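K.L.:
The listed protein sequences correspond, in order, to chains A and B.
Residue numbers are given in my numbering: position 298 of the first sequence equals residue 298, and the series is strictly consecutive.
Residue numbers are given in my numbering: position 296 of the second sequence equals residue 296, and the series is strictly consecutive.
If you are wondering where the hints come from, they were derived from the structure by calculation, not from laboratory data.
Since we're looking at a predicted model, the values are computed, not measured.
Check the hints yourself; a few may be wrong.
[To be verified] Looking from chain B toward chain A, a few residues come up when the C-beta cut is under 7 Å (computed):
1. SER29
2. SER32
3. GLN33
4. VAL42
5. THR47
6. ALA294
7. ALA295
8. ALA298
9. ILE311
10. ALA313
11. GLY314
[What the hints assert, rightly or not] When the alpha-carbon atoms are kept at most 30 Å apart in a straight line, the in silico BS3-like pairs for lysine-lysine are as follows:
12. LYS34/B x LYS43/A
13. LYS122/A x LYS43/B
14. LYS43/A x LYS149/B
15. LYS229/B x LYS266/B
16. LYS428/B x LYS416/B
17. LYS122/B x LYS43/A
18. LYS34/A x LYS43/B
19. LYS253/B x LYS216/B
20. LYS266/B x LYS253/B
21. LYS149/A x LYS43/B
22. LYS266/B x LYS122/B
23. LYS43/B x LYS43/A
24. LYS216/A x LYS43/A
Glycine included, every Cβ here is placed at the ideal spot set by N, Cα and C.
There are 2 protein chains.
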Amino acid sequence: MLGSPAMRIEILCTGDEVLTGAIVNTNFSYISQKLGDVGLEVKWGTTVGDDRESLLQAFRLAAERVDAVIVNGGLGPTVDDLSQEIAAQAAGVELVFNEEWFARMAEFFRRRSRVMPPSNRKQAMLPARAELLDNPIGTACGFAVDIGKARFFFTPGVPRELHRMLEEQVIPRLLATSGRPTASFLKRFHSYGLGESRVDSLLAGVETLAPDGSVKLGFRAHYPQIETKLTVRGTDMEDIRRKLAPVEQEVRKRLGNFIVAEDDRKLEGVVLEELARRQGSLAIVETFTGGAVAARLAPLPGADKVFRRGIVAGDPAQVRAAVGLGASSAASELTLPLAEAVARAARDQTGATHALAILIELDQGPDQIDFGGTISLAIATEQQVATRRSRMLGGREWLRLGAVEMALDCLRRHLKGLPVDERIDFEKV
Amino acid sequence: MLGSPAMRIEILCTGDEVLTGAIVNTNFSYISQKLGDVGLEVKWGTTVGDDRESLLQAFRLAAERVDAVIVNGGLGPTVDDLSQEIAAQAAGVELVFNEEWFARMAEFFRRRSRVMPPSNRKQAMLPARAELLDNPIGTACGFAVDIGKARFFFTPGVPRELHRMLEEQVIPRLLATSGRPTASFLKRFHSYGLGESRVDSLLAGVETLAPDGSVKLGFRAHYPQIETKLTVRGTDMEDIRRKLAPVEQEVRKRLGNFIVAEDDRKLEGVVLEELARRQGSLAIVETFTGGAVAARLAPLPGADKVFRRGIVAGDPAQVRAAVGLGASSAASELTLPLAEAVARAARDQTGATHALAILIELDQGPDQIDFGGTISLAIATEQQVATRRSRMLGGREWLRLGAVEMALDCLRRHLKGLPVDERIDFEKV
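Chain A with its partners taken away, still in its complex shape:
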């Protein structure tokens, strides 16, 4: 921190589709999170429709209360896209035809062997003296302009265009203006099995291992996983790596076996890689999760070599039949003995190196306070069958999410040589 007062930022989302709720405003949360990840704080959010009067009023209010405004949407070619026009009006300047961007658009259409419709010309009209913000993947050009005492950054509503422009154009400019060290890095850990308050208390004080508050700790809970985020600032990547190293190590030590993946990697990806590394293959048998365990793995790149078969069935007789087990009075319920037998049989039947069975005995009756289910899980390999039994409380959807995650995590633990039955915060002992 260089001691400058924190920059105040507003996100201003425009468009009838967002205002009427026709689409959920994920752009807002995306922008706010990305700014938070580099230590910039959003102070205010505004949403207005495609309406001249509201837009002008919103721009003027934002110009008075913050230092920087990120405007999203309204840069398209149609008549209800009003951002450039109202920006010029609020800034008290003319709209000027931008030759450079018009040539870029022409090139964009030419490369796609399409004719540029006349309406697209509108997208090259920018407020006078606006700074162009490049959009390498679309025809909506971004721009920055001063309105009142605030700097306004106009971005497109199409998510992938917004994401790229925010990362490449807007955030660097905000960081430069904020007078902070401009290099920043976000380190992420994904954990499963610990509740948010447990993770919070386990990691208490971990930031102090880095000097000068250069590492900031944050969390994001999306059941059943928790994401732990370390935001690091420094003069360059080497400086950042040096500051991050002791904190990063300590987080790994404290969360231990519960870390399922880091950064852009995912639990299902880790499972697949571990299997691929040993030229293994996998069969999955599931009941109440209804194909949701298979659906996490089967679509991944490279899964075709590893994912051998997924089987979904409902009652015990169907489960037995599906893996070629005869009718039997033994193991006739969705409990651990059946899970073991089914995992073994599925492995034999498919020739996979690993077979996972996850059977769930759901409590009867409507979802209520003490509603839950019992999960019986077995992983069969040539050598052994590892098992886990767990009882969870919660509504059907909650249980389903938790069970899918537990199945994948047990498989990860088994493949990594970690205990598959370590107690987790979400289960009832």
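Given chain A's structure and the hints, the job is docking chain B onto it.
P.N.:
The following block gives chain B in isolation, referenced to the frame of chain A:
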């Protein structure tokens, strides 16, 4: 319409988790949609954090520019829940202890055999002269109070508590104030296979079959389905039914076979009901969709009697093996002949009355403009095998969503005696 000027409404969302993007603000779109469904229009959206100064400023700005404000969040028992306190400050009144709500909370905890923490007392402190809005499922009581010339409605951030309070308490009050006929009804049609612009032009003018603009037509696209909404206002339900009837019939006639379900019913539910009605049962074999077709059906109430087995496999040899077909040089690709053979075999193997096979040959290479896949679909019954082949363009995720919907819709069409191969807007001929 009674000719009164449209009521201006603002939605004001509070809370650091929403402002920082830690959670996506689905409450905003939910409120806005629900108001739109009864013909009320949202004019402005504001988001601020758990911060006294911002909240006060936001309340004052809203009080000046609109007639009604729905505030969401900040009614909890913790110190960062500030809505009641700032509401009282903005309204220029004291906070007053509400005996009635305190007794309700005490009862709430007693029924759950829990002791009420002292911090919960805070939730019974309301601005003087506030009107209580009942929350039958939580401890955060809602309230309505005037600030400036606007009526403010305070609602809890927990989605299911918000949903109920909005429906039972807030919307009836807004409709009463707006001076409109207070009875309203929302009729919904879910369609698959027609793009939004097609549905729009097919239904052009359909509202005019009802008198006096009493029926309003709207759409909501959530690929691959489109929802068509008819909002009807009237003096009572009989009046509404009379006005709706001709429009409803005309929509059914124009969208025809493409309507997959109406109102709260869903495509997968219709499929399940049709099968259950004829005491049928189902086996599903899928490849690239990775269990996602099964996952739409298997978790539904009553599915255990119908859903016999789901099988997921990757390459042709695995698909054949999974349904007990021997190796063969014929039908060795994920094309229509294999889909037919697999559907027949899956039916034989599982004893189900119906078997669905959906195999997808994906284009090779990275997602790009002309990337796509070819879907081969077969439905086997005792009498026949119905098939459909379809080529779609789009990225992997887009294809997956489209293929899952097509599989379920073909099954619906087959069960309803409709053509399974009717051309849809999303396919490339």
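K.L.:
Return the numbers of the hints above that this structure violates; sort them in rising order.
P.N.:
Violated: hint 22 alone.
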